[in-house]
Every structure is written in C-alpha cells, then in structure tokens.
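There are 2 protein chains.
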Amino acid sequence: MKLLVKKFGGTSVGDKERILNVARRCAADWQAGNNIVMVLSAMGKQTDVLIDLAHQINPDPPKRELDMLLTTGEQTSVALMSMAFAGMGIPSVSLNAFQVSMHTTRVYGNARLKRIDTDRIEHEIESRKIVIVTGFQGVNKYDDYTTLGRGGSDTTAVALAAALHADSCEIFTDVDGVYTADPRIVKGARKMKEISYDEMLDLATLGAGVLHNRSVELAKKYNVPLIVRSSLNESEGTVIKEVAKVEGMLVSGVAADKNTTRISVLGLEDRPGVAFKLFDLISKKNINVDMILQSIGRDGTKDISFTVGSDDGQTAIDAIRENLKSLHAKDVSFNENVSKISVVGAGMMSSPGVAAKMFECLYNSGININMISTSEIRVTVLIDRDDTDRAMQAAHDAFGLED
Amino acid sequence: MKLLVKKFGGTSVGDKERILNVARRCAADWQAGNNIVMVLSAMGKQTDVLIDLAHQINPDPPKRELDMLLTTGEQTSVALMSMAFAGMGIPSVSLNAFQVSMHTTRVYGNARLKRIDTDRIEHEIESRKIVIVTGFQGVNKYDDYTTLGRGGSDTTAVALAAALHADSCEIFTDVDGVYTADPRIVKGARKMKEISYDEMLDLATLGAGVLHNRSVELAKKYNVPLIVRSSLNESEGTVIKEVAKVEGMLVSGVAADKNTTRISVLGLEDRPGVAFKLFDLISKKNINVDMILQSIGRDGTKDISFTVGSDDGQTAIDAIRENLKSLHAKDVSFNENVSKISVVGAGMMSSPGVAAKMFECLYNSGININMISTSEIRVTVLIDRDDTDRAMQAAHDAFGLED
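So the protein sequences, as listed, match chains A and B. The opening residue of the first sequence carries number 1 in our numbering; numbering runs sequentially from there. The opening residue of the second sequence carries number 1 in our numbering; numbering runs sequentially from there.
By construction, these hints were calculated from the structure, which means they are not laboratory data. You may find that some hints are simply not true.
Which copy? The list can't say, so a pair holds if one copy fits it or any two copies do.
Keeping only pairs whose Cα atoms sit at most 25 Å apart, straight-line, the calculated PhoX-like set for lysine-lysine is [said to hold, decoys possible]:
| id | residue 1 | residue 2 |
| --- | --- | --- |
| 1 | Lys63 | Lys16 |
| 2 | Lys187 | Lys220 |
| 3 | Lys258 | Lys191 |
| 4 | Lys45 | Lys16 |
All chains should be modelled from the sequences, with the hints used to inform the complete structure.
Structural data, given as structure tokens:
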C-alpha cells in the first residue's frame, strides 16, 4: 500500500465532466489499495472571475480580502470532487487550509508555507478516505487566509507529500511530461523519462513552464519524487528525482525564455562600488536581476548590462534614468527584443566543451550572441528574439537530443 | 457609541451596486461613531447556483460536502463587502465561521449554534474596524463547516448581538417592517412600530414570512432588541422587544399560512393509546404536526384531524394508509385546499372574547371554519384556501387594525 499525492490544476477540474473523470482515475488507484491525497486548484478560470468581481467593487482591493475571496475557489473544487467520489460509493473528505492547518508566513497574495499539522489528514487516511485538500491557500498567524502566489497548488502538493512522507507526488497538467525542448517549436523534441531536481530547477526558472521552481526546490529539499504527467491520458510522464547518472546525457534539455529585457548602463566611472549602487537600486524596486555582464567602455569607463523580466523592464529603466548622476553613469539603453536560450544538463559538470559546442552551433546558424551566462549545469545565451525558435532547434540538434 | 449588528440578506448584496449601497449606508452609522458588526448572506441566488452545481456532480451529495460548498457563498459576500469599505477608506475585516469560532452542533445542513468565541471580533472592533461576518455557517466539533438551515443568517446575527451585548440587531430585508397583515392582500394593513417577541413568534410560525422563528426565539432568550427594516429605504422599521403594554391593542396582527394540508383519520377505536400510536407514527417520519382536533365518530369510534406542512402531506397520508390496521382505524381522508388564518396579540391574554369576535366576523363573511386552535395570545382557524384573502381582510377590519 502506497501513499500517493496527486495534484490537479484548474483545467483538469474545469467542469463537471472533468471532475468526474479525475475522480474515476483516482478511484482506480484507491481501489488498487493505495491511499490517496489529492490537491486541487480552483475550477478553470474561476480565480480570474473572482479577481474581476473584486475589481468591479474596488480597483485596488486589499490583499487580505482578495485572499479571503480567492480561497473560495479551491474550496468549491474540493467539495465538488468529494461529491463525485460519494456518487461512486468511495469514501472521501474535502479539507480547506483551516482544516489541515496549512500554516504560512503572513504575506497576503504571496505567502510561503511554514508548517502543516498532518493529524487530521492522517486520521482521515487511516479510515481509508480519499483526502481532498485545497491547493494554493494557507492560514497565517493572524488566523487569516493567505494564498501562495504563482504555482501555489504545486507547492501545496509537494509540501503535503513531504509532510506525509508520501511515496510520490504526481503533478497532473496539460502536457504529458518534461521534454528536451518545447515540442511545439523544436522538431524531434523528446519526453524525458527522468530528470534531476537541479536540471528541472534550471529548466523551470528558464521558462520550460511545466513546474514552478518553488515546488521543485521544495521537492529537492525533502527528496520527494515528483512526477509530471498528463491529466488527459495515461502516459507515464517524467519523474523528477535525485538522479545519480553514472554516464548520462551531456545535456538534458533546451529551454527558451522570451520574457526578458536587456538593460545596459553605459559610461560608469571605473571605481569600486558602482555595481553595488546600481544593483542595490534595482533590488530596492523589488526587481530580480538575471544575467549580468560587465565590460570595459570608452575613456576608462565601464558598461554593465543585465537582464530583467519583461514586466520589470520599464521600472528598472526609469529608476536608472532618474539616478544617472548618483550612479556616476552617462547613459542607459535597453533592448526588449531578446530571448534567453539555455541548455541544461547535470552531465556537463564533468564535461567541459558544452559551452563551446553551444556557441558553435549558433554560429553555424548565423545567430548572434548578446550575452553569456553559465552555471555548473547550464549554459545560457541572450539572442535576438526573432532567432529563438531557430536557436532552440540548432541546440537540440547539436546535442543529439532527438528521438 | 453604540454597538450595532446589521444583517443583510442575499438580495441586499445581490450585485456590485447593492454591495456598494449597503457599504455606504453602514459607513454613515460608523462615521457617526458607532461600532458595526455586519452579517451577510450569499449574494442573490448564489446558494441556488451552488446547489445546482452540486446536483450536476451528484444528485444526492453528502450533506457535509454540500455545507463545505455552500459556505463559499457567504465568504464571497463578506470579502467583497470589505473591499467596498476599503474603497471608501474605511477600515474593515471579513471573517468566516472558522475565524469567529462559530461553534455549532454537528448536524450538517441544519446545525444549531452552540457558542461563539468573541475574542477576535472584539479585538477588531477595538481597533475601530467594521467587522463583516459570514451568516448561515458554523463549525462543528469535527472542525467541519456546517450550515444553519432556513433563516440561518438571521440566527447568526441575533446570536452575535447576544454574545457581543450589542445595542440592537437590525435585520435588513425587502419589506420595511412587520405589518398587521400582508399589505399586498389586506387593505389598510399597517406597519407596526413595535411588537413583542411572543407575538412575533406566533406571526413568524404562522407565515408572516419576515423572520424565521429561530432567530426570534433566540432574541427573546437573550433579550436582544430586533429591528426589521428595509435595505432599500431609510424608514424606521419595526422593533421587536419585550413590550410591556399596559393597555395595548387587543390584536396586533393577522397572518395567513397556505402551506398546510388537513388529514383526517376516521373510525379509530375509542380506547387509550390510539392518539399516541398515530402521532408516534407521524413523528417517526420527521413530520411536524400543527393543529390537532379529536371528535366523536359514528358507532362509538372517534376521528382525529390534524394539519401538517403541504410538503409532508403525502408522506403522512401514505404512512397512515399503510398502517390503518395497526392503528385500529377505518380510513384516512385529506384536504390540501386549506389555509390557516391567525390573529395574534399579547393583549388577548387578559381579554376574553377575541375568539368569539373572530368566529363572528368569519360567519358574517360567509366563511366556514374547519378547525380551531388557540393559545394564550393567538386564535387560529382552518378554512378553505379560496377564502384566505377575504378572511384576512375580515379579521383585520373586525379588530380595527387599519390605519
């Protein structure tokens, strides 16, 4: 008898038929003798509908009250799912964040999980009920609802799997696993059977879009085997775990991220502290900086280029413009028409030459590289956005990732 | 500075405009220096929408899960109301049944309030926030949501007013007070300025339809002044309290109840225990019996007639038919085309002759009386349903209740 945590997103529980389908699917695992803990998101576009309703009343609703409103979404899903099981004669119980004591930090709209009291869930599992828990939501020390921000339901599922020492945590989604590259773009992209947490983290951060990196980090921390699989078919999906590859692939996958803007600060005085001042300014605007490149400018000055998420581009540029003097810089320029392309692979730790191979294949395709950034298991380049798809295909081919 | 509890039903918070209107209205009382605790129902037909959604998944959903689903309705209302106050720059906080520790009995779908921990509410009031509480819902000893059944939000409001020792509990509804009779039917029906708990209880039970009797009973028990008033206008409404009328009206109001069926069990053996057996059978079907009349039948037998709610009529008749033998009865007949007409008034305790006057006015209108039932402050007659409106007008005129 295994304990399986299964998370279904909004699309998977978007209407009556899908709820019944999901119930039938989990029922089969339960009937085979396994214990099941489900984590559900709000139905379909329900969260958007609620946000729209809130904005009709108040264009800038207090975050505490927005969380109070949004948490009704998952509560609706879990109650309906339990009704579906009851219709099949299978015992189940729905639980919200108060009932499972899903303790979080106090920040509304973007809280972090702190602690789960598993007593209630364990008690329900012992009586062989399927336990259906609201994803995305928690309760803070003021006894108020909080929500976990983007990818929140994935995080709930992984945290529950960790707290309950579950045998696995399956994330059901609209793709059937993690691919070597986006199969809609790259010919020959292949579903991976397994991938390590670190590789998945780099892929998640870099825009593979399957899992939010918070959930992968948490899974890594507590060594929870994560499985990404389709809610629409029975295919096996991709297992994310601490893979010990003796002789694995050099590169596991290729990812692209179009959500990026390059900013260059030009003519900075060449003296200590200029980089600190610049990035201190940016961080005070709550903006995450990604790639950073420092180069020698003209007349004994230096230039610093970096990338930020597209949404933050304008704020960063404005902040720098206003502070050019105190930054001791001459000018700022930016380019919104860029993409990041990354190749990721645990194998490259022990294999030099991956970066060179990457640059070579891009050169052969006539693609210009704007910036370069590398980690132990990743090589990332910044290129013109128009070249994105061609670059992915070139890298995918060069590293032999096709079927 | 007063503490005012204000309850608004689903129609009063049915859309964006109405929510904003209710917020403005309560804001005025708050700005005048009063502390406000609001109790809200789910928006408009939201509860019906949720029940329909549940029935699509499972025609007979578990009551525990139905309560889990329905409680999202009030949570949505309170969150939106708090957003409305925020838009007006007024501090407020929404609280659900978990947050106010609204303890109930364990019965799902029809729980009774047991205890309210007022710490959180009092703390929020002290910081001059308007406190907005979900009506209709509670939490039982299993830490599960329950709902309070019909009139549940009124009950929540009265219970909160009692627990917080509020100065009054206003029930905002779509009528502007309690009338001497239904003004849509009876010419000259007059809004009462005040009425006693007992009178209101008889009127509520007998179909005046303004307040559920559970809330009136609770208000009486804790001596909470109840005010029934309109959410649409500023008119003063009707105060329900422990009225000490030295020389009041003989009769306060006239009420009709068309939701009734008369059942007659004929030819019962005239021996001890027959009435017990009959009503034991009915009560085991969970049916409330209202008026009861026992008369001498033919051949040394007796007949027993009684009334039940229309919904329960068929169940009661079937149960009796199946058990005619063991009940030692010959036959059962029924009449669904009947109404109850009642005159209610605390004044009649010390004034005989009210019943006689009632019978006289009906006789003068050519209306036949089927059954009679009286209490200290009430005279009720059962008549043909077609005579309902004429009978109300006749009684209203006879007791001089017009303006």
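Status of each hint after checking the structure:
no.	hint	result
1	Lys63 - Lys16	between (30 Å within a copy, 19 Å between copies)
2	Lys187 - Lys220	neither (31 Å within a copy, 77 Å between copies)
3	Lys258 - Lys191	within (22 Å within a copy, 68 Å between copies)
4	Lys45 - Lys16	both (14 Å within a copy, 20 Å between copies)
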